[in-house]
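Student: Residues per chain are reported as follows:
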Amino acid sequence: MKPVTEADLHTYIDGALSEGARAEVEAWLASHPEDAERLRAYAEQNALLRSLYNPVLDEPVPAALLAVRPHAWRRYAAAAAIFALGIGLGWIVRGMFITTQMPPVSLARLAATAHGVYSPEVRHPVEVTANEEEHLVAWLSKRLGTTLKAPKLAPLGYELVGGRLLSGPQGPVAHFMYQDARGLRLTLYVSRQKGEPRDTAFRFSQEDRVSVFYWVDGNFGYALSGEIKREQLLNVADVVYKQLNP
Amino acid sequence: MDRRLIIEHIPRLRRYARALVGDRYVADDLVQDTLERAWNKFYLWRRRRPGSDLRAWLFTIMHNVFVNQARRRRYEIEQAMEEVPAVSVRATQGEQLELQDVDRVLRSLSPEQREVVLLVAVEQLTYEEVSGALDIPIGTVMSRLSRARERMRQLLGGQTVMPLKVVK
Chain A
1 MKPVTEADLH TYIDGALSEG ARAEVEAWLA SHPEDAERLR AYAEQNALLR SLYNPVLDEP
61 VPAALLAVRP HAWRRYAAAA AIFALGIGLG WIVRGMFITT QMPPVSLARL AATAHGVYSP
121 EVRHPVEVTA NEEEHLVAWL SKRLGTTLKA PKLAPLGYEL VGGRLLSGPQ GPVAHFMYQD
181 ARGLRLTLYV SRQKGEPRDT AFRFSQEDRV SVFYWVDGNF GYALSGEIKR EQLLNVADVV
241 YKQLNP
Chain B
1 MDRRLIIEHI PRLRRYARAL VGDRYVADDL VQDTLERAWN KFYLWRRRRP GSDLRAWLFT
61 IMHNVFVNQA RRRRYEIEQA MEEVPAVSVR ATQGEQLELQ DVDRVLRSLS PEQREVVLLV
121 AVEQLTYEEV SGALDIPIGT VMSRLSRARE RMRQLLGGQT VMPLKVVK
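Protein chains in written order, with my numbering: chain A, 1 to 246; chain B, 1 to 168.
Heads up, a few of these hints could be off.
Just a sample of chain B residues kept apart from chain A, beta carbon distances all over 10 Å, derived [said to hold, decoys possible]: (1) Pro11; (2) Ala19; (3) Val31; (4) Leu54; (5) Arg55; (6) Trp57; (7) Thr60; (8) Asn64; (9) Gln69; (10) Ser110; (11) Val117; (12) Val120; (13) Thr126; (14) Gly132.
One-sided excerpt, in silico: chain B residues whose CB lies under 8 Å from chain A [claimed, not checked]: (15) Arg18; (16) Val102; (17) Arg104; (18) Ala121; (19) Leu145.
No wet-lab data here; the hints were simulated from the structure. The C-beta atom is built at its ideal place from N, Cα and C for all residues, glycine as well.
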């Protein structure tokens, strides 16, 4: 295997690698867990720094800053002041309507709760079973307003049981359930996210006995839950992510 | 509407300045100085070829203002930096790391490293744009980025962390 450079690794998480180079880095990471762990931490830093400072964007801009202008503009001071006031008011009003972008921590909790409620169900774990997979996916896609896919996890030993529609804080949620030969269940929770589209790194959360890997991709949040070890769940989450982002 | 062009960028300049210097008022002073200088040099930007990025140009100006000011009178940030002990902020196992800790770790970076990390991570400039804005070779961008990230990782305990809440 061709060794990748430190620069490649950084470029990988900053999302600026070409397809081919990305595949090379991924192959490298698959066999270099220390680099993979390090990169996960760096990607997480990106996400944390954005959560920390993005709220500044929603603050009203101080009038003093809007009033800065070159000398030639002084003549238009009055008009500009009114313009600035308008912008300032605009920002204030905007601020009243746009809530601060929360980190998707509640996504993990919501997903873990849904997992806890539905995965022990014996008779009615899902609303639509995998027999009608095509219908299930079409139905949930329509309700979420996007094209969903039910990831194929059979190579990992998890067969699709089916899915259901849930209600979440941002509206409809698609909930897919998988099961292995022993009856161990994993669920994938897909919900629309508030605010501007963005991407986050994989994050992990332990919600009591339920392990959750979750991430945001564009307008949608994804959370994979199961009562299995973090490393095992990460394997599955990796596959889910790759299938959803071919 | 030249004026509008620049005004559009103020929120992002404020975000970067806040992350760079920490204190809200010091940050807005930095934005104000940047805007004044930008206005006085705007004709230079307009003479560039079309398509050249106004935002990257504004970051260049802010970088120069920041460096000059930091040289003239020491920024509060630099004093704060000396107070930050270079120890891991992760106190005990199982304790949730909060965003303030990330901020503290960010403050413990040198201003040069902090600029690179923020332009890449928060402002999402390309490495080439960062190289242009800070007027340093791309290799220097990469080495600063690499060192900054590794230092942050060490100080944050090298573990997956989860933010609990947004801190304004």
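Student: Hint by hint, say whether it matches the structure.
Tutor: Each hint tested on the structure:
Distance check for Pro11(B) against chain A: the nearest CB is about 5 Å away, which does not clear 10 Å, and the non-interface claim fails. Not every CB of chain A is more than 10 Å from the CB of Ala19(B) (nearest about 5 Å), against its label as outside the interface. Here Val31(B) does not stay apart from chain A, with its beta-carbon only about 6 Å from theirs, under the 10 Å limit. Chain A leaves Leu54(B) outside its interface by the beta-carbon criterion, the shortest separation being 15 Å against a cut-off of 10 Å.
For Arg55(B), the condition that its CB be more than 10 Å from all CB atoms of chain A holds, with the nearest at approximately 13 Å. With a minimum CB-CB distance of about 16 Å to chain A, Trp57(B) clears the 10 Å threshold, and the non-interface call stands. Non-interface call for Thr60(B) relative to chain A: holds, since the shortest CB-CB distance, roughly 17 Å, exceeds 10 Å. With a closest Cβ-Cβ approach of about 17 Å to chain A, Asn64(B) is found to remain outside the 10 Å limit, as its non-interface label requires.
Look at Gln69(B): its CB is around 16 Å from the nearest CB on chain A, clear of 10 Å, so calling it non-interface holds up. Listed as outside the interface, Ser110(B) is consistent with that label: its C-beta sits roughly 16 Å from the nearest C-beta of chain A, beyond the 10 Å cut-off. Look at Val117(B): its CB is around 7 Å from the nearest CB on chain A, not clear of 10 Å, so calling it non-interface is violated. Separation of Val120(B) from chain A is inadequate, the least Cβ-Cβ distance of about 6 Å not exceeding the 10 Å criterion.
Separation of Thr126(B) from chain A is inadequate, the least Cβ-Cβ distance of about 6 Å not exceeding the 10 Å criterion. Taking the minimum C-beta to C-beta distance to chain A, about 15 Å, the non-interface status of Gly132(B) holds against the 10 Å cut. Restraint check, Arg18(B) versus chain A: the minimum CB separation of about 5 Å is within 8 Å; hint holds. Taking 8 Å as the C-beta cut-off, the interface hint given for Val102(B) holds, the closest approach to chain A being about 5 Å.
Given hint, Arg104(B) at the interface with chain A, is violated; its Cβ is 11 Å from that chain's nearest Cβ, farther than 8 Å. With its C-beta approaching chain A no nearer than about 4 Å, Ala121(B) sits inside the 8 Å limit, and its interface hint holds. At a threshold of 8 Å, the smallest CB-CB gap from Leu145(B) to chain A is about 6 Å, leaving the interface hint in force.
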